[in-house]
Each structure stands twice: as structure tokens, then as C-alpha cells.
Amino acid sequence: MASVELRGIAKSFGRTTALADVSFTVADGSFFCLLGPSGAGKTTTLKTIAGLAEPDQGTVLFDGVDVGDVEPTHRNVAMCFESYALYPQHNVRDNLASPLRSPRHRRPEAEVVKRVTEVATTLGIDHLLDRKVGALSNGQRQRVALGRVLVRPADAYLLDEPLTHLDAKLRASMRAELKLIARQDGTTTVYVTHDYVEALSLGERIGVLNEGRVIQVGTPQEIWEQPATVFVAQAFGKPRMVLLPGAVVDDPAGGRFFRDVSGSLRAPLPEGADVAVGTQLQAGFRPRDARVLGPDAAVPDGHVAVRGRVAVTELIGAQIEVSVEVDGTLLAVVGDRARLGQVAEGDRVTVVVPAGRVLMFEHGPEGARIGP
Amino acid sequence: MTDTASHVTTQHATGVARRRLGRVLTTVGLLAYFAFSLFPVVWMILLSLKDKQDQLTTYFAFSPTLDSYRAVLGLGDADAGVPFLRFFVSSLVTSIGAVLVSLLIGVPAAYAAARFSFRGKENLMFTLLSFRFAPELVVIIPLSVIYPQIGLFDSYTGMIWVLQLVTLPLIVWILRSYFEDLSPEIEQAALLDGYSRTQAFLRTVLPLVKPGIAAVSLLAFIFAWNNFVFPLTLTSSNAQTVTVGSLSFIGGNEAKFNFTAAAALIAAVPPLVLALSIQRFLVRGLSFGSVKD
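Which chain is which? The protein sequence lines are G and F, in order. Each residue of the first sequence is one higher than the one before, counting from 1 in full-length UniProt numbering. Each residue of the second sequence is one higher than the one before, counting from 1 in full-length UniProt numbering.
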């Protein structure tokens, strides 16, 4: 086991920049999730840690020691490739046993058999051991690839979207299984995903990557409640956070507040924020934090309100998703049917949100969050 | 109603008839082409079975004899006095030798060209390719001057060396595309499993390009075996190959076309046997199942 640290990693392939500036630290024995859209540089980051991609700049450190000159074979990391990268000429058993039969990690054959059976049982592929990998479904191949990682102890596990090709039910159970394995073994794990639910549920810490840069690193709670930028805020949660553009205005009663362009939302600026009058900002909140009230309802204490008209309602089981149109922007509100009450399309409504749940961002899609 | 139905049936019937006619014409056409392209071979077989009197006739009626084969192979009294077996052995040694040397150099070269980027890679690859499309006559004059001087004239080593011009580009270029088709992540997985680069290559990559190696070796062997210009100019007797050696039956005071035919047919046996025995390796798709599809 080891801690993994990346310092200022940059990597280009020809003219395309894969990584512009990637730095983060994964503490020894912790589970780190790397989240980002496709093309953000997640896989390149993993391969850099493994030594399979040589960074143009920056250093990779294991336990504080620069491993730049260490060959992949000797880094003692195990990686689950997004493409699986199984050995097609071998059956499942030999694929799983491959690390334990290599010169570097060789174990007695009896132990190999025992370990392979254990891992295969955990992953639910023990009935496939004698099959060629070509005869497996994508979901089964993906589990073989994951098994080849888990079969041997390593300083770090690097998992590149290891659950994407499993069906929803299996994915949920494998996610729980992985969490359990990670906690038991205490192996440092870097887990790449584009699924925010996986990141939030598995990661002790999460790094958000976009266009080759780390936008934010933090605990799931920090990422959720204090997203660094609009990008991070919108990368987590479904439906995603909606933003209302507006500006800072002077309060005749003293101080300043935010008013959206329609003029219907007035929200206090975050504590300690010093923003000049006239600055363009955008306000956002999570759909689950909002409630829908009647058009003339009084705004509860400590809440901000915005008025609009219901454009669409969607019933999803006990949940209801309401889209409220505010001056051309659709605001999503999600909640229990009982809590949101009966709203019909076309109704005039007031959407209320606790003032503390409203986040303010600078202008633009990469706008940084204002406030502590 | 019935009118329309019968109308439809008639149309359907003509459609079937037309398709059947098409099939018949295709078959006839293929048979004609088959006869056309195989006729020279048939003629050679007939010629090889004729005796000296009949060899220039075009009759199909003659009493077949295996005398030509006996003469060529030097069996019994019929010996034609030409060391055909030695030519045959020379051909085998030089062709197989050339292919083996090319594989030894070409497999790593193809792998390097497929996997790594290095300065001048494409120029090097193009130079190699140019050996294939430049006529052999371009190099033959300097070689025929140099070879006697450095003692390579009429030697196996010299022939194997010069045949690299034929076999190496083929092997490098074809195997390169086989290596490029393989996902580099398979080797990367092997590296992380704890295998060295060499072991990863031998254990995971090489088995997957086996069909490619089989196919290209066969092709290279055939090209080397059939080569005429190099043995003609760079050998005299010791390393003379069958392609050139078969012609010795035509020289002298009388042309023995029936012997030449027999010699050529015997010379066609090794490539044929090799092609048939290697056939089962000539299937692609061994890498199926390794990566996501």
C-alpha cells in the first residue's frame, strides 16, 4: 500500500492536450474517485500513475518517492482497463491467474487456484472459469478484468470505469461489493468514472476533472455542498442544477443583494462576499432543495422565492419532477408528490428555496462560486 | 381478385426464372475462366508425360510415360545429367533461410514500427517498401560486381542475403498492420501483471499475431522460391535454384521441353504442400474477445 501523489502533470498527444495541469494526492489506503466527462483526461491520468503514459511535465510520487524512472512492471499497481484488455488466447481462469504466475508476483500454484476461485466467486464468474474470454458477454468480461486486479495485493488499484457495462442491478451490487473490498483490504484505490452516483457513493474523496485540469478535490459532501465552479455544480445531481443569470444591486435598506434578470428572484449575497454593484452573477440551487407553493403564498422565513409558470410535470413513481418556466429559463424542482402537492401544467406558482441553499457563481460556464 | 393474384404469380415466376438463368450464366462463365486459367497447367502436365518424339506435337493422344520425371530426378538410366536435386535443395535452403532471417529481423522491426514513434520511422519504412516496387534489375548490376569480390557469389549466404530484398519488406509491412490491429492495452495489462516487456511481447502479443506470421511467411516463401533474376545473375552451380536450373534442360544441342515441364511441376510441389499445411493458421480473429466490441 502506498499514497499516490501527482504534481503538475501535463501530457499531450501530438497537438491534443490530454492533461494540462493535474495535481492531487490520494492518501494511503483511501478510495479516490476521479470524475469527469469523456475526453477530460481520466484514463491518461490513470496510465500516468501506472507508468504506461510518460508525462511531459510533472512528477508522480508513491509514498513521497518520485517513481518517474520506475517501469510499469515494477510499480506494483494493478489496473482495470476500460477496454478490459484481456488475454484472448486464454480462458477466464488463466486470465485471472496471470498476475500470480508472473515472475514478479509468483505464488505457489495451490495458492493461485485458491485465490482465483475466491475472486471469481466474489465477482459471480466462478461458473465461467473454463470459458475463453471471447465467449463472454461484455459484462462478464468486465468482471474478469476487475478480477485480474483484485486477485493480487498491490500498492494501488487503478480502476477505469470498471462497472459501466454491467446491468443496473449488478452494478449496484458490485458497487457495494467494491466498497466492502476496499474497506477490508485498505488498498489505495483510484477509481475513474463519469457517473456521479458512483463517485459520491464510493469515493472518500473526489477529484473533478475537465479538459485536463483538476477543477476541485474534496470529500463528497464538500463537492456536493460547496462546488468550486458551475461545472462541478452541474456535474453532480440529476436533474442538474439550474442557473438564473442576474446581477448585484444596491439595497436601499443598506447592503447589496442579487437580483435575477426577470427581477423576480432576490437573494442575499453569501456571507463575506464582497462583490461590486453591477457584477454579473448566476444563482443556482439543487432541484431537491426547492418547493413549489401557490402563486400568492407568503414566502416562508429565511427563504427566497421566484415566481413562474409550470411548464411540464413528470411523475416518476412517488416522485414528481416539475419544470417551472421563469422568464425563458426552465427551473427543475424534484420532490415527493405529497410534499410538492398538486400542481398542473400552466399553473402560476412560487418556487421557494432556503436562502442558505442558494449558490452564487461568477458569470460563465466555468464561473467560480462566490463565498466560503 | 383472382386476376391480380394470377398476375402476381406470373411476375413471381418470371423473377425466379430470371434468377435461375443468372445462376447458370455465372456458372458457365466461371467454368470458362477456370478452363482458361488452368489450361497452361494442364498443358504442362501433358507435356511432362510425353516422350521426346511427342513433345512438340499438339496431339492429346499419346502414350504417357514418367520418363521425364525419372530423367529430371536422375533415377536409373534415364539421368539427364543435370543436378536437379541439388537445385532443389538450394531452393529449399535459400528460400527457407531467407524467410527465417526475415522473420528474425522483421518481427521486431514490424512491432517497433507499429508501437513506437521514433525519428525517421516512416522514411525507413518507405525505403523498405521501395525494395519491393523497384525492379530487381536496378540492383543487379552493382551486386553482380560486388558479390564475386566479397566471396558471396554462388553461395547460400549470398542468396539468403539478397533474397532479403524480396522477403523482408513483405514481412515487415504486413506484420506491422497485424501489430497495429492489436490493442496496446493487452501488453500494458501484461506489464502491470508483473511481466517484463520481453515477456509481455512473447507471452501476449506474439501468440496473437501467429496467423499473420503464418500467412506472411508463406507468401514470402513463395516469392523467394519463385525468384529468378537473383539466382540467374548471382549463382552458377552451387547455389543455383530450381527456377534457373530448370532451364538447363533447354540449353545444349536439343531442347527438352518435356524435362523442363517435369522439373517445373516438381518445383511447384513445396509451395503447394506448404500452403495446404499452413491453411489452418490462415484464419483471422484470434484476438476476438480481448477488448470491448
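Note that these hints are calculated values from the structure, not bench results. Careful: at least some of the hints might be erroneous.
Stated by the list, open to error - From the structure, some residues in chain F lie toward chain G, with a derived Cβ separation under 8 Å:
| id | residue |
| --- | --- |
| 1 | Asp181 |
| 2 | Glu185 |
| 3 | Leu192 |
| 4 | Thr204 |
| 5 | Val205 |
| 6 | Pro207 |
Unchecked claim - DMTMM-like mimics (lysine to aspartate or glutamate), calculated; alpha carbons at most 25 Å apart, straight line:
| id | chain 1 | residue 1 | chain 2 | residue 2 |
| --- | --- | --- | --- | --- |
| 7 | G | Lys238 | G | Asp289 |
| 8 | F | Lys121 | G | Asp94 |
| 9 | F | Lys210 | G | Asp130 |
| 10 | G | Lys114 | G | Asp126 |
| 11 | G | Lys132 | F | Glu254 |
| 12 | F | Lys210 | G | Asp94 |
| 13 | F | Lys52 | F | Glu254 |
| 14 | G | Lys179 | G | Glu211 |
| 15 | G | Lys179 | G | Asp289 |
| 16 | G | Lys132 | G | Asp155 |
| 17 | G | Lys169 | G | Glu109 |
| 18 | F | Lys121 | G | Asp185 |
| 19 | G | Lys132 | F | Asp181 |
| 20 | G | Lys132 | G | Glu118 |
| 21 | G | Lys238 | G | Asp155 |
| 22 | G | Lys114 | G | Asp185 |
| 23 | G | Lys238 | G | Asp185 |
| 24 | F | Lys121 | F | Asp67 |
Here a beta-carbon is modelled for each residue, glycine too, at the ideal position from N, C-alpha and C.
Each hint tested on the structure:
With its C-beta approaching chain G no nearer than about 12 Å, aspartate 181(F) sits outside the 8 Å limit, and its interface hint is violated. A distance limit of 8 Å between C-beta atoms decides the matter here; for glutamate 185(F) the minimum to chain G is near 4 Å, and the interface restraint holds. Taking 8 Å as the C-beta cut-off, the interface hint given for leucine 192(F) holds, the closest approach to chain G being about 5 Å. Interface hint at threonine 204(F): satisfied, since its Cβ lies 6 Å from the closest Cβ of chain G, which is below the 8 Å cut-off.
The interface hint given for valine 205(F) is broken, as the beta carbon of that residue sits about 10 Å from the closest beta carbon of chain G, more than 8 Å. For the restraint placing proline 207(F) at the interface with chain G, the shortest Cβ-Cβ distance is roughly 5 Å, inside the 8 Å limit, so the hint holds. Using a Cα cut-off of 25 Å, the hinted pair lysine 238(G) and aspartate 289(G) holds, with the two alpha carbons roughly 12 Å apart. Restraint check for lysine 121(F) and aspartate 94(G): not satisfied, since their Cα atoms lie roughly 36 Å apart, outside the 25 Å limit.
Of the supplied pair hints, the one linking lysine 210(F) and aspartate 130(G) holds, its CA atoms being roughly 23 Å apart against a limit of 25 Å. For the suggested pair lysine 114(G) and aspartate 126(G), the alpha carbons sit about 12 Å apart, so the restraint of at most 25 Å is met. For a cut-off of 25 Å, the pair hint linking lysine 132(G) to glutamate 254(F) is broken: about 64 Å separates their Cα positions. A C-alpha spacing of about 20 Å is found between lysine 210(F) and aspartate 94(G), which places the hinted pair at or below 25 Å, so the restraint holds.
The hinted pair formed by lysine 52(F) and glutamate 254(F) meets the criterion: a straight-line CA distance of about 10 Å does not exceed 25 Å. A hinted pair counts as satisfied when its Cα atoms are at most 25 Å apart, and lysine 179(G) with glutamate 211(G) does not qualify at roughly 28 Å. With a C-alpha separation of about 28 Å, the suggested pair lysine 179(G) and aspartate 289(G) falls outside the 25 Å cut-off, and the hint is violated. At roughly 29 Å between alpha-carbon atoms, lysine 132(G) and aspartate 155(G) are farther apart than 25 Å, so this suggested pair is violated.
For a cut-off of 25 Å, the pair hint linking lysine 169(G) to glutamate 109(G) is broken: about 35 Å separates their Cα positions. A threshold of 25 Å between alpha carbons decides the hint, and for lysine 121(F) with aspartate 185(G) the separation of about 46 Å lies outside it, so the pair is violated. With a C-alpha separation of about 20 Å, the suggested pair lysine 132(G) and aspartate 181(F) falls inside the 25 Å cut-off, and the hint holds. For the proposed pair lysine 132(G) and glutamate 118(G), the alpha carbon gap of about 19 Å is at most 25 Å, so the pair holds.
The straight-line distance between the Cα atoms of lysine 238(G) and aspartate 155(G) is roughly 35 Å, outside the 25 Å bound, and the hint therefore fails. With a CA separation close to 17 Å, the supplied pair lysine 114(G) and aspartate 185(G) stays within the 25 Å bound. For the hint linking lysine 238(G) to aspartate 185(G), the alpha-carbon distance of about 32 Å lies beyond 25 Å, and the restraint is violated. Straight-line distance between C-alpha atoms of lysine 121(F) and aspartate 67(F) comes to about 55 Å, which puts the hinted pair past the 25 Å bound.
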